[in-house]
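Participant: Here is how the chains run, residue by residue.
There are 2 protein chains.
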Amino acid sequence: MKVLIVFAHNEEKSFNTAMKNLAVERLLGNGHEVIVSDLYAMKFKAVADGDDFLERANPDYLVYAMEQRVAYKNGTLAPDIMAELEKVKWADLIIFNFPIYWYSMPAIMKGWVDRVLVSGYCYGGMRFYDRGGLAGKKALVATSLGGQPHMFEKDGIHGELELLLKPILQGTLAYTGMAVLPPFVAFHVPYISAEARAAYLEDYAARLDALESTEVMRFPSMDDFDEKLHPRVDKSALAI
Amino acid sequence: MKVLIVFAHNEEKSFNTAMKNLAVERLLGNGHEVIVSDLYAMKFKAVADGDDFLERANPDYLVYAMEQRVAYKNGTLAPDIMAELEKVKWADLIIFNFPIYWYSMPAIMKGWVDRVLVSGYCYGGMRFYDRGGLAGKKALVATSLGGQPHMFEKDGIHGELELLLKPILQGTLAYTGMAVLPPFVAFHVPYISAEARAAYLEDYAARLDALESTEVMRFPSMDDFDEKLHPRVDKSALAI
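Residue numbers (the UniProt record's numbering), protein chains in the order written: chain C, 1 to 240; chain E, 1 to 240.
Simulated from the structure, these hints should not be mistaken for laboratory data.
Among the clues, some could well be false.
The list treats identical chains as interchangeable, and a pair is accepted whether it falls inside one copy or across any two copies.
[Said to hold, decoys possible] Under the rule of at most 30 Å between Cα atoms (straight-line distance), these lysine-lysine pairs were calculated in the DSS-like manner: (1) K154 / K228; (2) K87 / K45; (3) K13 / K45; (4) K45 / K2; (5) K13 / K73.
These numbers come from a predicted model, not from an experiment.
Next up, chain C with everything else stripped away, as it sits in the complex (with noise of 0.2 Å):
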């Protein structure tokens, strides 16, 4: 496979540094190619604006999805977009290494995706979810975070951490229609030994070994929905 690992943190020696390095010499040993995009070295711009935009299809008034149609259809997206895009589309995976900040991503990489999966290529109008532009491409959430499992359980104080990363597992990566791998999240770094790193590390290694045979999570499927988005079956009705 082709994979494209898109990184950030803040530390070059940090745990999240240690699982890309990981995962580069991982997948090159296992016969696939690897292109990383390191956020923070690239001193990514974050911030979605309109100088994304060589030329404006309408320079009085931004509407940022709107112009990214016009630009990416006209090739007039800021040069550091359009070389994003060429991994994107190039990649048959794409990894996300990120330290959850917020239950989320770092601003960073929230800013490569409000950037980078354009409207026009990646989804626009009724191409999303399994009709979304990136449709045959798999991507993999891989992150650490402070808190302990049982903080995140149903009953967890913060519960399921899968509700919690649903903005970025459904809204955004199965939203463009990528066949999405179960997240590899590491807890409580922070606070864990060297030896509890290391095994985090060989549980990541693990998951990349089984990238090609792992199930991926069930998400909407267009094909239930009709032309204007409304359930094809009232559920609830059959439910009763």
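Given the structure of chain C, go ahead and fit chain E onto it with the hints provided.
Facilitator: Then chain E, alone, in the frame of chain C:
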């Protein structure tokens, strides 16, 4: 009340800008004090990195939250962060006004959260949720999105909007101790008539008039969890 509006939109003639301008006028008219942080106009730095600290507790290894704690204590946070934090301290209510990008905040506002809601003041140790550092303040998300309401119902294609906003409403705002008002959401904004937009602004004005009487959302209480953050009562057992 003292109201801080944290505002992020990249088009100064946008609907979100109209919401912001309306809020300023309405809140002042109702006798409140108002400060606006217009993140795009301020060219607010979105990216959390080592430059956010005038001095580093550990110059060799950046643990962002740890440096926040030390820098907050020593008064060595970057001036732009300190200025925002002073506004946060001043405010009784913080309104987050932004368009939804990928079921979350635009990166520039996520950067405000990452950088300004510092560990050591806004949260830290066992001080979160109703024991968070911002307890006593209120928060309101005021936002717009492209989808229609039926897409965000329980059986809708994206699922309930409140779940998609959980990382913000619970994981960010309630986490710091703020009492969270139900979000104000204008749907389908890019596609609706000027009259429909005006109607949304009237609804928003009514919400602003009722700020003090609106019931806040319910989130976990630290009282329901023990010192290791296990639930004090096993609710799943009770349910059986």
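Participant: Does the structure break any of the earlier hints, and which numbers would those be?
Facilitator: none
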